[in-house]
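Novice: Spelled out, the chains give:
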Amino acid sequence: MRRPTVSWATMILLVAAVLGGCQGDKENDMDVQQRAEAAAEKNRQHVDDLVERLGGVGAKVVGDDIIDCDPQDPDAGLLHNYTVRFTAPEGAETRLKGEVADALEAEGWTVRRDPDTEREISLRFLRDGTSLGAKLAVHSDGATAGGSSGCVR
Amino acid sequence: MIVKVEHAGLVLALRRLESLADRIDTQAGWANQATPIGLPSLSVLPAKARWMRDQVPDLERLAALALLLDTGAEGSVSFETSGSEWDVQAMFDSVVAQRFGPDFQESTGLTDDEFRDLMLTFGSVGQTDLPADSGIMSAGDLQQLIIANPDLARALTTLRPRPGTGPEGTLAGLLTDAFVAPGGADELHEQRRLDARDLFEGLGGEQAAILAMMFPSTVGNLPGVPFDQRADANTVRIVVALEDEQDELGDLKDQHEHNQGDWDFLGRNNDDLDGPIGESEDLIDLYESILRDDRQILYFDPSGDGAMAELHDPIDSSTRNVGVLVPGTTAELSNFDGNAKRSRTFSDNNSAGELSMITWMGGDLPDSIVADAPFANYSVALGPGLADFSHDVRLEIDRAGSEAQVTYAGHSYGGAVVGRSELHGLDADRVLHIESAGMGHDVEDADDLSSSQSGVDRYSMTAPGDIIGETQGTQVGDNIGHGADPDEFEGTTRLHTGDKVDGSPNTGLNSHTTVFEVGSDAWQNMYGVFTGGTVETYRSPHYEYVRSTYGVSSYQDGWNDDGERIDIE
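Here the protein sequences come in this chain order: A and B. The working numbering puts the first residue of the first sequence at 1, with every later residue one more than the last. The working numbering puts the first residue of the second sequence at 1, with every later residue one more than the last.
Check the hints yourself; a few may be wrong.
Heads up, simulated DSS-like pairs for lysine-lysine below, C-alpha to C-alpha not over 27 Å straight-line [said to hold, decoys possible]: (1) A:Lys60 - B:Lys341; (2) A:Lys97 - A:Lys42; (3) A:Lys97 - A:Lys60; (4) A:Lys60 - A:Lys42; (5) B:Lys341 - A:Lys42.
Hint data in this document are derived by calculation from the structure and do not stem from the laboratory.
Next up, chain A with everything else stripped away, as it sits in the complex (with noise of 0.2 Å):
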């Protein structure tokens, strides 16, 4: 019985193959750290103009990762989360639950107005697999804002 052939021919594109293969997942990869970078352009400007929005003072960001959307799978895509801790002047309560959160609703947004707290008011805004949130001390002038790109694969 004649043992089966693979000519060179065959066997020059069957390693083309592979290599093509190898190369198209690193370019995914970078294609992926390119969306998830611009996802997190978009996600700073959401949050920096909600922290505008309630004329907070003093921001600072505290949170700027773009990391795994699963830390076990790096195969799993690219997400990006954006902190900022500011100052909220007063009447930022008013604000948030009224004209802010009425303005993002008309872009848009979905609104998810948590209970109210003893020690906080959070409101969060939910569009296109993104989200959006503001987070106020009752006690203090401390606020939060912040922002998840969701996950870019």
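Could you slot chain B onto chain A? The hints should help.
Specialist: For chain B alone, kept in the frame of chain A given last:
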């Protein structure tokens, strides 16, 4: 020859000597300018000033030596030198060799001046009333010196405290073996925890930090040591780990390069090292970030898959809540940063800055969901460590003058770790099981827990369709399964996992991870537990049924309205 040295007197002498040399130079200069001819009596003066300055290093060495030997903080100390020659350098070398080992100075890679300042600084620990201008480094300067000199860091990691008097002796005493009555080991361990706290608290911030950096291998993970000093010590150990990892990466890259041209058939080994190289690069990024951003590492062990605990946002008197998040299967040092950043989202978003988070990965976790995660041995090994750490967290809260409530949250296999730690007396106010493997091997019902756990508030969340829900509550034999189902455990409040940030129900296989999406309902519920705020209890999934030629299929389109809002505090 008996030599008596007094640090304060030596410092005074050397400052006066420097000052006198300066004055001689200045006045000799003026005299030379004032006279039209060169006077022989003036020409010798600069040489005298130079001679005085030449004595300064010896006086500084003597000052360092006076501190190093004066472990009882007496202010002066006598010692015997060999021979009759007055050789300060030899005396200094001899004392350093006795105290730190014969090759210590060489192994640090420091210049003579840097090393002398280091010895002065180490000698200052435990001393009182030190002169302000005695040349002792601040703890911050010492840390920068160590970060800039990996050889020094490595040399320090080899030091062990010696029995004797002073803070070093006390530290050594915490490590000595002791005979105890049956059952007395726990009591001794707790006493030593308090003794360690008292030692470092008694020294004050600067000296405590210096002692921590002097003996990093001893202090880094030592129970009772205040978190600031644990972090100081672990910074030194990270410097060493970074250099080791850079060497490892270099070797891997060399081998990778070799693999590309080694005529291996079809280049089968060309990509073999992509994974290890990536992990090594991740470790280097982690270590560099820790050093660059002054991150507070409370526990560190680079061996094997590694172990680390990190504090996010310091615990102080204004801290009202502390959350400790324990990751699960496949967590290891190379992906620690992702888990740390996940924890940090909670403290970062707390508006009043009253929440501190800790990421705790205190040892080896399963590498594989199928091959390892069903087995309890990892959680059985880690549980006691987490329970022990919980006492340090409480000590830190007390030390800060805070009355913070502490939540221990375990994600996935981390839930089983938290569960097992309860069997060892986890000091928790709240426990949260997040997509948890179980209540812990051998924890079948509340009676399995000791009375110390009776005051713990318990919460759990498991999203519909998370495959882990199928394994919860399973236990077979001595090492398979993780005890009771957390969602059904007596006294546990099951929480709503809700929607993802895209508005769709958080359901299915990915929900195991997407519960951590910042801004999702599940994340908000976790935040509620961590901050002692408001949470929404379990809502059952609502399914839509679709009839087709293949039969009836269903998908989740929302939630039934059967949950409620509850205030935790």
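Novice: The structure should be examined with respect to each hint, and the outcome stated for every one.
Specialist: Right, here's what the structure says about each hint:
1. A:Lys60 - B:Lys341: 17 Å, holds
2. A:Lys97 - A:Lys42: The hint holds at about 23 Å.
3. A:Lys97 - A:Lys60: 23 Å, holds
4. A:Lys60 - A:Lys42: Roughly 18 Å separates the two Cα atoms, so the pair holds.
5. B:Lys341 - A:Lys42: Distance of about 20 Å is within 27 Å: holds.
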